[in-house]
Amino acid sequence: GDSVTQMEGPVTLSEEAFLTINCTYTATGYPSLFWYVQYPGEGLQLLLKATKADDKGSNKGFEATYRKETTSFHLEKGSVQVSDSAVYFCALIRNQAGTALIFGKGTTLSVSS
Amino acid sequence: DGGITQSPKYLFRKEGQNVTLSCEQNLNHDAMYWYRQDPGQGLRLIYYSQIVNDFQKGDIAEGYSVSREKKESFPLTVTSAQKNPTAFYLCASKGQGHGYTFGSGTRLTVV
Chain A
16 GDSVTQMEGP
26 VTLSEEAFLT
36 INCTYTATGY
46 PSLFWYVQYP
56 GEGLQLLLKA
66 TKADDKGSNK
76 GFEATYRKET
86 TSFHLEKGSV
96 QVSDSAVYFC
106 ALIRNQAGTA
116 LIFGKGTTLS
126 VSS
Chain B
25 DGGITQSPKY
35 LFRKEGQNVT
45 LSCEQNLNHD
55 AMYWYRQDPG
65 QGLRLIYYSQ
75 IVNDFQKGDI
85 AEGYSVSREK
95 KESFPLTVTS
105 AQKNPTAFYL
115 CASKGQGHGY
125 TFGSGTRLTV
135 V
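First to last, the protein sequences are chains A and B. Those letters in the first sequence? Residues 16 to 128, by this note's numbering. Those letters in the second sequence? Residues 25 to 135, by this note's numbering.
In short, the hints are calculated from the structure, not lab data. Be a bit skeptical, because a hint or two may be false.
What the hints assert, rightly or not - Cut-off 25 angstroms, straight-line C-alpha distance, at most; resulting in silico cross-link-like pairs (DMTMM-like, lysine to aspartate or glutamate):
1. A:K64 / B:D78
2. A:K120 / B:D78
3. A:K83 / A:E57
Claimed, not checked - Label-pair ranges, simulated between beta-carbon atoms:
4. A:N74 / B:S91: 20 to 28 angstroms
5. B:D62 / A:Q111: 40 to 48 angstroms
6. B:I75 / A:G93: 28 to 36 angstroms
7. A:P25 / B:G40: 47 to 55 angstroms
8. A:P55 / B:N52: 41 to 49 angstroms
9. B:E86 / A:K67: 18 to 26 angstroms
10. B:N77 / A:T41: 32 to 40 angstroms
11. A:K71 / B:G121: 32 to 40 angstroms
12. A:E84 / B:K33: 16 to 24 angstroms
What the hints assert, rightly or not - Which bits of chain B does chain A cover? Going by a derived footprint, with three or more residues having C-beta under 8 angstroms, they are:
13. 43–53
14. 60–67
Ideal Cβ positions, reconstructed from N, Cα and C, are used throughout, including at glycine.
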């Protein structure tokens, strides 16, 4: 079945460091891909998305490119801030009716000043 | 403002009791979903509903039940058959052409 694999955390960085969180997927056809962020005690917020191969999603300095050839959607940010500390989830959905988001296990990011 | 509301934020259940978690949305979204979140396991799908009076089991439906009598509401009941119910529960909704909107979650603890 469809699945998402994320790099395991926690990831600990100093402020202004470069961030990469790896995400690969297995899916039938061409799914849409997402990154969600969860701050402590809260629900999930959509960070960015890409709906077809070679699309680049971006938001708040974060970027991810849909790579069909490597079935990957790695999240990157050039300079992290303390406020970026959160749990990040990679997710996919098949582009057909009646399906639901499938999530990776999440990666905890801690940024220190 | 439109949104999705989960209540209560914290819930405590005694062994052997059923409890119901509320999820209400005023976004006019057709589809609604329940996910369970455990540390290190990400989010796993419990049940989902694409339309009123219809719902489907997700990956971990055993020990749970749902109803969808109104478009706005998708309550989740955690029954006594669920042997390990302590978790964080997230409800979400999705409209046509729209992304998912998540509630702020309910943390259920068995005492």
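Hint check:
1. A:K64 / B:D78: It is violated: about 28 angstroms lies between the C-alpha atoms, which goes past 25 angstroms.
2. A:K120 / B:D78: 28 angstroms, violated
3. A:K83 / A:E57: With Cα atoms ~32 angstroms apart, K83 (chain A) and E57 (chain A) exceed 25 angstroms; violated.
4. A:N74 / B:S91: 20 to 28 angstroms: With Cβ atoms ~36 angstroms apart, the hint is violated.
5. B:D62 / A:Q111: 40 to 48 angstroms: 28 angstroms, violated
6. B:I75 / A:G93: 28 to 36 angstroms: For I75 (chain B) and G93 (chain A) the Cβ distance comes to about 43 angstroms; the hint is violated.
7. A:P25 / B:G40: 47 to 55 angstroms: 36 angstroms, violated
8. A:P55 / B:N52: 41 to 49 angstroms: 30 angstroms, violated
9. B:E86 / A:K67: 18 to 26 angstroms: Given a distance of about 36 angstroms, which is not inside 18 to 26 angstroms, the answer is violated.
10. B:N77 / A:T41: 32 to 40 angstroms: 33 angstroms Cβ-Cβ, so the 32 to 40 angstroms window holds.
11. A:K71 / B:G121: 32 to 40 angstroms: 21 angstroms, violated
12. A:E84 / B:K33: 16 to 24 angstroms: With a Cβ separation near 44 angstroms, E84 (chain A) and K33 (chain B) fall outside 16 to 24 angstroms, so the hint is violated.
13. 43–53: violated (count 0)
14. 60–67: holds (count 4)
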